[in-house]
Each structure stands twice: as C-alpha cells, then as structure tokens.
Amino acid sequence: MQNLEDLKEQVRKALPELDVVIGWTGGYDPLHATPHFIRRDEDIDKLQVNALCVHNLATYLPSMRGKKVGIIVKGCDSRSVVELLQEKLIDREDVTIFGFGCTGVVDQTKIRRIVGDVGNIDSCEVSGSEVKVSASGTEHKLAMSDVLSEKCATCRYPNAVLSDHFAGAEITSTATFEDGYKDVVEFEEKPEEEKFGFWLKEMDRCIRCYACRNACPMCVCRDHCVAQSRDPHWLSQEAHVRDKWMFQVIHAYHLAGRCTECGECQRACPVDIPILLFKKKMNKEIKEVFDYEAGINPDATPPLMTFKAEEDKITERKW
Amino acid sequence: MKIGVFVCHCGTNIEGTVDTAAVAAASREFPGVVFATDTMYACSEPGQDGIIEAIKEHKLDGVVVASCTPRMHEPTFRRTLERAGLNRYLFEMANIREHVSWIGKDREANTNKSADLVRMAAAKLLKNRPLFSKQFPVNKSVMVVGGGVAGIQAALDCANGGLKVVLVEKDTTIGGKMAKLDKTFPTVDCSSCVLGPLMVDVAQHPNINLHAYSEIEEVNGYVGNFEIKVKKKASYVDWDACTGCGLCVEKCPSRKATDFFNEKLATTKAINIPFPQAIPKKAKIDPDFCMKIQKDKCGVCAKVCPSEAIDFTQKDEFITENVGAVVAATGFDLFDWTVYGQYGGGKYPDVITSLQYERMLSASGPSEGHIKRPSDGKEPKNVVFIQCVGSRDKSVGRPYCSGFCCMYTAKQTILTKDHIPDSQSHVFYMDIRSPGKLYDEFTRRAMEEYGANYIRGRVSMIYPKGDNLVVRGADTLMGAQVEIDADLVVLAVGAEASVGATDLAKKLRISYDAYGFFMEGHPKLKPVETNTAGVYLAGACQGPKDIPASVAQGSAAASKVLGLFSQDMLASDPQVSVVDIKRCIGCGKCIQTCPFGAIKEIDFRGMKKADVIETICQGCGICTSTCPQGAVQLQHFTDNQILAEVNAICRF
Ligand SMILES: Cc1cc2nc3c(=O)[nH]c(=O)nc-3n(C[C@H](O)[C@H](O)[C@H](O)COP(=O)(O)OP(=O)(O)OC[C@H]3O[C@@H](n4cnc5c(N)ncnc54)[C@H](O)[C@@H]3O)c2cc1C
Ligand code: SF4
Ligand code: SF4
Ligand code: SF4
Ligand code: SF4
Ligand code: SF4
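So the protein sequences, as listed, match chains A and B. Residues in the first sequence are numbered from 1 upward in steps of one, following the numbering used here. Residues in the second sequence are numbered from 1001 upward in steps of one, following the numbering used here.
Heads up, a few of these hints could be off.
To be verified - Here are the simulated DSS-like cross-link-like pairs (lysine-lysine), alpha carbons at most 27 Å apart as the crow flies: (1) K313/A <-> K1264/B; (2) K1264/B <-> K1233/B; (3) K88/A <-> K1609/B; (4) K308/A <-> K1264/B.
Since the hints were derived computationally from the structure, they do not count as laboratory data. What you are looking at is a predicted structure, and each value in this text was computed from that prediction instead of being measured.
Please construct the entire structure, taking both the sequences and the accompanying hints into account.
So, in structure tokens, the structure goes:
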C-alpha cells in the first residue's frame, strides 16, 4: 500500500482515545499476514497492509462490543462493518473506521495450486502486479492476475464505503453488478442433475468443522447455531452429505440479504468447497426481488428484517 | 406417550375412497400408537363417547383423529379430550377428507396418503406438551370506526346492550353514503327519513361518545384491552361551543369551496355544515378556501358567531381511548371512472355518477330535487344509464360485482319518471342481479310500469352532438348496434374499498383482499369476525353491500361484541411464541419483524434478550422464521414439532 505511513499516522493520532485498533501484521511465514491488535504506540510500527491482508477484521467487532475499537478495513470489509451497524450489532460511536483504497488481495489456494506444497517460505515480495515467493531456495514469480482473489477481480467497492479516516487516494472501479455474478449465471444455466451432482460431490468433502461459520462476520450466533442444537433439532450429527449440505443451505438462508461477499467463509474452508456460490446466488435473488445490497447504506433495513404484508415484487395475492 | 388413533368414515365422505380400517391397522405400527380404530362419525355423540372410553380403557395420553378440516371440529375434539381429563393440546388432527378423499378417487393411493398423514400427526403429537391459557380482564367498551348505516347500527345495538361505545367518523357528520341518497330500493322510501332518527339516537344515547371529523392514528394492545389513539382533526370551530345555528355559513363570503357532500355538483361556503340533519350539526372551515386562514382577511364568521366558537388557530388534537373491542365499518368509495376514455374520461359535464344523480334527486341537494343537467341547467328528457362502470371489468382491475348498482339504477329510472313524467330512461346492462326479497319484482316494475328501456350490452363510446350526447353501444339480444341521443348520462359506478382502508387494516392488524376490502374470518361461518381477536366488521368495508345487508352486519357485529363481553375474564391463547433465553443472543431481529409489536427487548443479567408479550402475540410465527438460531419458538408449532412431521413423511 502506497500510503501506509499516512495510515500509521492516523492510527497514532486516534489511538489514545481507543482501547484497540485492529489491523494486520506479518504472519507465521512471509507469505501470510495475521490480524494485529494495536494497543500501544510501538505496535503501530508492525502494521502491514498489502495484498496478503486477506482477513476481514470486522469479524471481531461484535464480540468486542462495549469497547472503543478502531478497525482498518478494505472496501469489502467496510461493508461488513456497515451491515453490522445496520443490524445494530455494533454501535457507531464505539467504532472508528480506518479506510483505504484496496487494489485486491491474493487467494492463497491459487498460490498453492501454482507453487505446490513448497515447504518453508524464505521471502515474499508483493507489488501491484506481481507476487515473488522464494521457498526452499527456488524463486517463483506469480503474476498478480493469476493469484488475485475472485471477488477482487470484480470488486465494485474497493474503497471503504464508510470511514472516519481514509488514507491515500480512492481507487476507481469499472466493474458492474453483472460482472460479479457471471459465475452464478453460468452455474444457473447448467442442467439440474449436473448442479445436483456438483454439490453432492463438493459437499461430501465437508468435515463440519464450522470454520466457514466462525469466520463469517455476520454469523453472530456462534455457540447458539442451529447446526449444533437439539432444540430445535434441525440437523443430526451424522456424517451424511445430506446434513452437511443442509447446513450450508441454512447458512446461506441466514445470510440472505446480509452477506457482504467478503468471502471469508470460503477462504476459511480447509477443504476448499466453493460455498460462496450459495451466498452469491442468494444475493443475486435479493437484488432482483428487493433491489437491495447488504452493507452499503448504514441506515437501510435489510429486507429480511422487515415484515410487509405486501411486497412490491412478490405477488402472492394473484387469485 | 400412549397415542390413540381414530379414523373417521364421515359416512361415505371418507370411507367412499379411503379404506379407513386399513389406515387404522397401519397406524398401530407407528411410534407411540397403542390403539387405533375406525369410527363412523367421530364428531357425533357416540363417536366422541368412543374416544373418551378408549382414553380411559387404554390409558391414552394423546389422541389423533383422522377426519375433516380442523377449522370446524378441532375445537370439538379438544373439548372431548378435556372431558376425558386430558390437556386439549395433546390432540392432533389429520385431514383425510379435504386433503384426501374429496380430491382423489384412487382408493389405494388415498389409503396410503391417509396413513402418511396419520403418521405425521402422531409424530408431531409425540412432541406436543400440555399448554395452559391465562386469564385476563376485559374492558367492556367498544370502538366503532365509521359512522355509515352499518356503523350506526352496530353502535346503537352495542349501546342498547349496555356497553360504552366510542364512534369515530372521519367526516364531520355520520350517515355515510346513505345520508346522500334520495330514496332507497326496494320500497322507495326516503333515505334521510329512515336514517335520520337513527342518527339522532346516536347523538342522544348516553352510552355513545361520538368523535366526528376524527381518524384512528394508532392501535395498540389486544382483545379486551386495546389502546387507540384518535386524531381529532382541526375544524377551526370549537365544537363544544358551536350550536349549529349556521349564521357563519350564511354570512361567509367565500363561496367556491368544494362541496364533497354534494359530490362536487355545486360549490359551498368555506365554512359549512354539510346538510340540515347532520349529526353532529357543527360547522367546519375548509382552510383552503377560508380568506382569513389564507390571506388573513375577512373573519366575518368569528364576528357573527353568537357563541364565539370560531378558532382560526385550532390544531389537530390527539386523544387516547381504551376499549375492549373494535368494529370496523368504514364502508366503500366509488371507483374512479375517469379511466374510461370511451365515456369521455370526465370531459363531458353531462356524464355524471350515480351518487351525483342521487344528490340531484334529493330535495336537500344543490338543485333542491330538480333534475338539471350540469352543462346548461336544462331538464333532461332522455336519460341513459350505464351499469357496471368499474364493476365486473378485468381490464380496469375490478372483476367483482358491486352488488347494488342494478338495483339502484332501477330505482333511479323510477325516480326519473316520477320527477319528469315525459322522460325516457334507457339502461345499458350486462345482467340484472336482483336476488333479494322483492328485488326482482322491483326491477320488473321499473321496466313494465315505468317503461325504462333496458338494453343488454356494453357501451363502446359516448360522443357529443350539438348540446347533447350520443351513446353508442351494442344490443346483444338484438345483435345490433344502437345509438341513443342522451340529454344526461348516469354512470352506475362500482364500489371500491374506502380511501385509506388498507392503512386502517394495517393499524388494526386485519387482512384485506386484493381490492382493499377487509377479510372476514371465514367466508361462510365467520362473516363479521376477522383474524384478529376482538376486531369485527360491519357493512360495505368487507365487500359491496346494500343497506339491509349492511344493517344486518352491524347488528351481527354488535352481537359478537356483546357475546365477547359476556365474560369478565378472557382466556389467552397459549399458542404464542416463547423466547428460550438461553439461546437468544439479543440480536433484535424478531423485534423488528414482529408485525404486532409483541416482542420487547429486556435486560437479563446485563445481557440483551428478547421477550414476547403473551397477550399481544398473535401466533403468526414471523419471529420464529426470522430468528437464525431458533431461539424463539411458537408453542404448538415449534421447529421440532414441524420437523417431526417432515421427518415422518420424508423417510430415507
Ligand atoms: C348511488 C348509490 C345508490 C344506492 N342506493 C341504495 C339503495 O337505494 N338501497 C340500498 O339498500 N343501498 C343503496 N346503496 C348502497 C348503500 O349506499 C350502502 O349499502 C351503504 O351505504 C353501506 O353502508 P356502510 O355503513 O357500510 O358504508 P358507508 O355508507 O360508506 O359509510 C362508511 C362511513 O365510514 C366513514 N369512514 C370511512 N373510512 C373511515 C376511517 N378510516 N375512519 C373513520 N371513518 C371512516 C365514512 O366517512 C362513512 O361515514 C346505494 C349506493 C350508491 C353508490
Ligand atoms: S457468508 Fe461468507 S462471504 Fe458472506 S459475509 Fe459471511 S463470510 Fe463473508
Ligand atoms: S468450513 Fe468447509 S468443511 Fe468446514 S464446515 Fe464449512 S463447508 Fe464444511
Ligand atoms: S373567515 Fe373564512 S370561514 Fe369565516 S366567513 Fe371568512 S372566509 Fe368564511
Ligand atoms: S408469533 Fe412472533 S412475530 Fe408473530 S405475533 Fe407472536 S411474537 Fe410477533
Ligand atoms: S431473533 Fe432470536 S436471537 Fe435475535 S433477539 Fe430474537 S429471539 Fe433473540
């Protein structure tokens, strides 16, 4: 990021008023970043902001309610913050949002697929166009376009949609809504059996670790999730694809009109199930039926949190 | 749980296409079922006794009856269980008549489906828990909304029954449409002569408190204990002081105000009393036309008013009324007929509505009972009536019949002849609908005695010719096109829900149909009830209705209210939502979606939680489908109960 110093300066100024500022720093190896909790001035120096900063830090906010929290957000992350505000799960006066223009983050799965299981990473350099990884003595030069996260390739909100501080210049995006849902349209057009077969195969891999759920900034139920309850008893603990798939369907339904497509669920999945597709499908429907996108306007009410006897685009009373 | 299953023959209604004995035999294999039998008529006295005996003999603690729809007999069987000492909610009904025997002929398939339905009912029953009602006190007063003839009747009957009544009318006077009518079918008696005394009774009744020129602002509470905020709109006249002498009206120099009571046939003064028999007889200023309010000039009314009642600074006032029940009687309004280009779309002054014609015929109307064309004041000789304008016409979104137009058109042809003996009426009609007592005789009289010329067919256009109009239409009986010269055209404009009806419905939490008419609880068996306890319907607000039917409904609604209030305490329905405090994370989603405002936020040991107010909850289940983790559950329809049914039928 070009204006890291500006951002650090903004954080430094705001820190005395805050309990913590959440950002990113170097992780367990040079190829990975990790969330970073800044409480003291010296923590600020370790702040890292680049294409490795994949985590959506908004996930931490609901559990820190009541504290004064600063949060550094990419464009997509800011939508989660807004959605949390919309649902009154966090309080505006307690969060300070540090935004910047994001040029995209990498997809570690893509890197792994190209580079293979490389063992120890010696170094990693990230620029706007390239990721240079050197591992076990070999250097790999990866074009950013090959390892960029899918969501970033069609990102419409690269700048924080809501912020108290903004570092650097805004980035312009030319992507359209349709660009972002090409994969959904493509999938929709497949024959039923093929779609069914696809999910049967994909979902069968699920190990029900619930990493997808725990990573999701909007999944605030956590320990109270229906997936792990007997009363109500929606799912059994059987290792059958039926229950695994049902869990994802429930997750998608609970996120309908709330999901901001940060992609954390899919990123967290240890077995690479493309579960974001479920949520994108729901969002596409929500857009068509309610003309609504989650996490854009802090004052808007998510459609499924309202009750109207008559919806504009749902004609139940056609008899 | 020990479950007993009773499979009903319903005579041959069910047994005709379902092998009930086989269903009973299959049921014996279902989890929990210890006893199963078929029975001739489960609901009959011997049928119910059989159930009670079986409960005692086999020590049953749950019962499934496989028979008809629960709408009718669920209460019957619940009482049977109570007589046998069981809780009424340890009962389930499988509908194998409407859902099986009446809709399929294949005996084997029907028998299998019936067994599946019993399996589902038994599976749910295993998850049922006894539920108990709570008792709460009733406020024995009633609010009637709308002072048309239906509302007046309801208010008087309730008041005579000893109840305190609050009557809320949005206009400055009660009376509704009937007050505007000249004579009424089928007796052709004078409308205001029959309605007038009732209106006076309302004004004088010690039990009736009338808020005219008022509307419902907000409704809170529930059956037995509603709290209703009423907006008393500013009339700029202190009604406590105003005696209705009319001096102000006489002296007011502003004469161009819209005369709504006379259906805009004429104009009126800025300060006005709609008609001599108005109840209450109070003046009201139309601020749009008052020179004092608009330009700070004039003020004549204030000067002449002997009781100093004029108050140019008056503001809307809000009051709160506490009542135990509500009767909605907001009537109807006329369809906006100007969408019909073929009738001139409003550009010909001599094409008028039926209600305008009533005002023309009325001795208290702007022309004092003389029929005069709006264009030149001449007396018409050829009057053409067009029926079904905005009724039975899908193309304008009004497929329903307005019910009373055939009859009042016949009445208006008779009155036309009475007023102008050398006149000729022509009526374009689709069918004549006159099924009431003495109704068909009445329409025949219009044709045979009064010589009205009835032409079966639609009008394709009205066009001007000189001073007159030509009505072109089809005569479908003759198979010919006809053109009739008309001095005046009267459109029998159809009825639609009154302006603002749907807003009121939302406040009262009652349903309405696609056209805004309020929905009755059951089309046959609950014609004046709604799906909200304590809210009743009367008159044309439920669908177009003539005066006798509106009055009958007014009385019917009153009898329902009196029945409700015959008890001092009401029992709450325990089929309401309950929050499991351990599972609730206090996200507040349910609070936002509950359409009845039945959920509030509470503080539980420093944590935010949701809590359902039992008496307000209507058991709609919206909250349960909103809550992501299923923390709020509708009693008797919990997720686990529904899942048990699903699992019983989707076995793999
Ligand atoms: C031209 C014409 C001629 C007719 N002739 C006859 C006839 O000869 N014989 C016959 O039997 N029937 C006749 N009818 C039908 C008759 O008018 C109705 O049956 C009758 O008026 C229905 O009474 P109601 O009280 O239900 O409704 P309405 O008369 O419409 O009264 C409703 C009342 O509620 C008030 N109101 C509405 N909304 C609100 C609100 N939100 N809050 C408070 N108050 C509200 C209105 O101001 C009105 O006073 C005729 C109808 C028309 C149009
Ligand atoms: S469902 Fe996935 S993409 Fe959507 S908000 Fe949650 S983590 Fe992000
Ligand atoms: S993260 Fe992947 S494996 Fe784990 S529960 Fe979710 S979908 Fe299944
Ligand atoms: S003040 Fe207004 S209402 Fe009164 S007389 Fe003048 S114009 Fe009429
Ligand atoms: S069931 Fe839930 S949403 Fe419906 S009225 Fe009761 S509390 Fe409200
Ligand atoms: S939606 Fe569920 S978790 Fe949220 S407040 Fe209501 S009951 Fe509690």
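Worksheet entry | 27 Å Cα cutoff - pair K308/A, K1264/B | Given pair K308/A, K1264/B is violated - Cα atoms ~36 Å apart, limit 27 Å.
Discussion item. Holds or violated: K1264/B and K1233/B, Cα atoms, limit 27 Å.
Written reply: At roughly 22 Å apart (the allowed maximum being 27 Å), K1233/B and K1264/B satisfy the hint.
Discussion item. Given the hinted pair K88/A and K1609/B, is their Cα-Cα distance within 27 Å?
Written reply: The given pair, whose Cα atoms are some 14 Å apart, holds under the 27 Å limit.
Worksheet item: Does K313/A pair with K1264/B here, judged by a C-alpha cut-off of 27 Å?
Response: Answer violated: K313/A to K1264/B is near 37 Å, above 27 Å.
When the structure is compared with the earlier hints, violations turn up for hints 1, 4 and for no others.
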